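Please model the complete structure; the sequences and the hints are all you need to start from.
Sequences listed follow chains A and B, in order. In this text, residue positions in the first sequence follow the numbering used here: the first is 3, and each later residue adds one. In this text, residue positions in the second sequence follow the numbering used here: the first is 529, and each later residue adds one.
Hints in this document: simulated from the structure, not taken from any laboratory. For clarity, every value in this text was computed on a predicted model and none was experimentally measured. Yeah, the Cβ is synthetic: ideal placement off N, Cα and C, and Gly gets one too. Any given hint could turn out to be false.
Unchecked claim - Computed spacing ranges between beta-carbons, pair by pair:
| id | chain 1 | residue 1 | chain 2 | residue 2 | range |
| --- | --- | --- | --- | --- | --- |
| 1 | B | Ala537 | A | Asp146 | 16 to 26 Å |
| 2 | B | Ala819 | A | Asp71 | 51 to 61 Å |
| 3 | A | Arg70 | B | Ala540 | 49 to 59 Å |
| 4 | A | Thr61 | B | Ala540 | 58 to 68 Å |
| 5 | B | Tyr635 | A | Ala28 | 29 to 39 Å |
| 6 | A | Gly44 | B | Gln632 | 21 to 31 Å |
| 7 | B | Gln632 | A | Asp71 | 28 to 38 Å |
| 8 | B | Leu806 | A | Phe18 | 44 to 54 Å |
| 9 | A | Arg225 | B | Ala819 | 42 to 52 Å |
| 10 | B | Leu536 | A | Glu134 | 30 to 40 Å |
| 11 | B | Ala537 | A | Thr61 | 52 to 62 Å |
Claimed, not checked - Anything over 12 Å on all C-beta distances counts as not near chain B; from chain A, calculated:
| id | residue |
| --- | --- |
| 12 | Thr15 |
| 13 | Arg25 |
| 14 | Pro42 |
| 15 | Arg64 |
| 16 | Asp137 |
| 17 | Gly140 |
| 18 | Asp218 |
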Amino acid sequence: MADDHILTTDGLTKEFAGFVAVRNVALRVRRHSIHALIGPNGAGKTTCFNLLTKFLRPTRGRILYNGRDITAERSADIARLGMVRSFQISAVFPHLTLLENVRIALQRTLGTSFHFWRSERSLDALNARAEELLDSVGLAQYRDLAAVELPYGRKRALEIATTLALDPEMMLLDEPMAGMGHEDIDKISELIRKVAARRTVLMVEHNLSVVAKLSDIITVMRRGEILAEGTYDTVSRNPEVIEAYMGTGHG
Amino acid sequence: MTWNRDMLAFLAFLALAIAAPAAVYPVFLMKVLCFALFACAFNLLVGYVGLLSFGHAMFFGGAAYISGHVVKVWGWPTELGILAGTACAALLGLVTGAIAIRRQGIYFAMVTLALAQMVFFFCLQANFTGGEDGIQAIPRRPLLGLLDIKNDLTFYYVVLAVFCAGFLVIYRTIHSPFGQVLKAIRENEPRAVSLGYRVDQYKLLAFVLSAALAGTAGATKAIVFQLASLTDVQWQMSGEVVLMTLVGGMGTVFGPIVGAGVIITMQNYLAGFGEWVLVIQGLIFVVVVLAFRRGVVGELMAWWRRRAGG
Ligand SMILES: Nc1ncnc2c1ncn2[C@@H]1O[C@H](COP(=O)(O)OP(=O)(O)O)[C@@H](O)[C@H]1O
Ligand SMILES: [Mg+2]
Numbered sequence: 003m004a005d006d007h008i009l010t011t012d013g014l015t016k017e018f019a020g021f022v023a024v025r026n027v028a029l030r031v032r033r034h035s036i037h038a039l040i041g042p043n044g045a046g047k048t049t050c051f052n053l054l055t056k057f058l059r060p061t062r063g064r065i066l067y068n069g070r071d072i073t074a075e076r077s078a079d080i081a082r083l084g085m086v087r088s089f090q091i092s093a094v095f096p097h098l099t100l101l102e103n104v105r106i107a108l109q110r111t112l113g114t115s116f117h118f119w120r121s122e123r124s125l126d127a128l129n130a131r132a133e134e135l136l137d138s139v140g141l142a143q144y145r146d147l148a149a150v151e152l153p154y155g156r157k158r159a160l161e162i163a164t165t166l167a168l169d170p171e172m173m174l175l176d177e178p179m180a181g182m183g184h185e186d187i188d189k190i191s192e193l194i195r196k197v198a199a200r201r202t203v204l205m206v207e208h209n210l211s212v213v214a215k216l217s218d219i220i221t222v223m224r225r226g227e228i229l230a231e232g233t234y235d236t237v238s239r240n241p242e243v244i245e246a247y248m249g250t251g252h253g
Numbered sequence: 529m530t531w532n533r534d535m536l537a538f539l540a541f542l543a544l545a546i547a548a549p550a551a552v553y554p555v556f557l558m559k560v561l562c563f564a565l566f567a568c569a570f571n572l573l574v575g576y577v578g579l580l581s582f583g584h585a586m587f588f589g590g591a592a593y594i595s596g597h598v599v600k601v602w603g604w605p606t607e608l609g610i611l612a613g614t615a616c617a618a619l620l621g622l623v624t625g626a627i628a629i630r631r632q633g634i635y636f637a638m639v640t641l642a643l644a645q646m647v648f649f650f651c652l653q654a655n656f657t658g659g660e661d662g663i664q665a666i667p668r669r670p671l672l673g674l675l676d677i678k679n680d681l682t683f684y685y686v687v688l689a690v691f692c693a694g695f696l697v698i699y700r701t702i703h704s705p706f707g708q709v710l711k712a713i714r715e716n717e718p719r720a721v722s723l724g725y726r727v728d729q730y731k732l733l734a735f736v737l738s739a740a741l742a743g744t745a746g747a748t749k750a751i752v753f754q755l756a757s758l759t760d761v762q763w764q765m766s767g768e769v770v771l772m773t774l775v776g777g778m779g780t781v782f783g784p785i786v787g788a789g790v791i792i793t794m795q796n797y798l799a800g801f802g803e804w805v806l807v808i809q810g811l812i813f814v815v816v817v818l819a820f821r822r823g824v825v826g827e828l829m830a831w832w833r834r835r836a837g838g
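Here it is, written out as structure tokens:
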């Protein structure tokens, strides 16, 4: 199906005490695409993510995921439906080891997460898979380090590994490359491209060369509204988009 | 590795506890053990989930009344009395927890305090609690119909066994798949949610476990002193368990035991000073908060790590 959308929103709106952070957003995310959400700071991108994953309740509008209305679902259940997000501020479990970080995500599948009488050593069965995931983001050799000890860029990589552990159908990545060095950016770009073969990725990213290289389609937001949408080439030639970026001095 | 270190510490504690009656009155030791279990149960919630309850007296005192009543009035055997107290505390924990866990931080503390005050007034008004007198002269029936626990020394070893059972339940909980999720929730709740954990359910189970074991402690205490009274349910009791846990070391496995030992010993020796005990406790609280944030055990462990690291 050419028109197979995994995620659509209609009239999605969020007001904070009268201030409209997201206004009438109609997103169409195609299955198995890498879809970028860009725009100057304060455009409402993170708020959109919070609405999609139910960390915020929309003031108005509807969200459909796989054709199912998820507007009233709870955050944890969104993840169970296969849509998993990362956060703009790196979200790791700081005093757990890298291995434990990834294992937390794998653990729910065992169905023993409420078993307070069982030894935690029963979780060792997940170690091999967790190590594989750490390896995929180049962190295997740090498995026993506490996450707090990682430099920022590596924390983002750990976050991606943890997200991948859930084998999500759709990943929402909020500025996954922020704070990363060149080398890490290339590595994570490659990883995102690889995992997107069987998944859908919606990502907020400021690094436009990454966006250009990775994304199939780009939605540009400004002041809570969708300003333009299309491939990188069409969007980057749009005078309004150029103005929006120049206007705020953002590159 | 941690396992072994904790294991050794526990064995050392056990050896000390077994030998202790040679030097210290068993009744005093039983009191320490009951409060140590109470503090350990409280610590499960504050130290491992990050929820500061200011109403744990309702579980401790509530269970004391229940076990006192069923043993004295209904003639139930001791072991069933303690179990009944535990079960009722768990049930109360389920109801109050369902109300409280949706709140965060100070609001959680305030809701638990408010609920505990309601339980206090219920206990003050209800007939079976005996009002200002409490339930007195609770009999110490032979345990399992065999073991004579009127003898303080014998009963002490029973209480030690109860404590160890409760402690091991808590220890296992911390080191279980469930405990791993609790740690994740404490470390980064939104992330745990985004990984699909319905965190309220985990918090509620932790709350119920904590309430149940606080109940075990209160029920046992009622049999030890043959008394259940308003002292056990009033808010000062909730404050005392906070103090014990802070002094010993929040979020450390053995901290609450040390904290309970310190506070109970202090209360005992300072009993002659009357109201001044409260002032001195307040001072200790201030000193701990300002200078020994990690508590006795927490500071010791930090010192040990520095020494090993440097
Ligand atoms: N919880 C909130 N309360 C009030 N205003 C908010 C809140 N969250 C975001 N905003 C506002 O909404 C606007 C959009 O923010 P955000 O979605 O974070 O932008 P972006 O991620 O595109 O930089 C900003 O002006 C921000 O100040
Ligand atoms: Mg943002």
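- Hints broken by the structure, by number, lowest first? none
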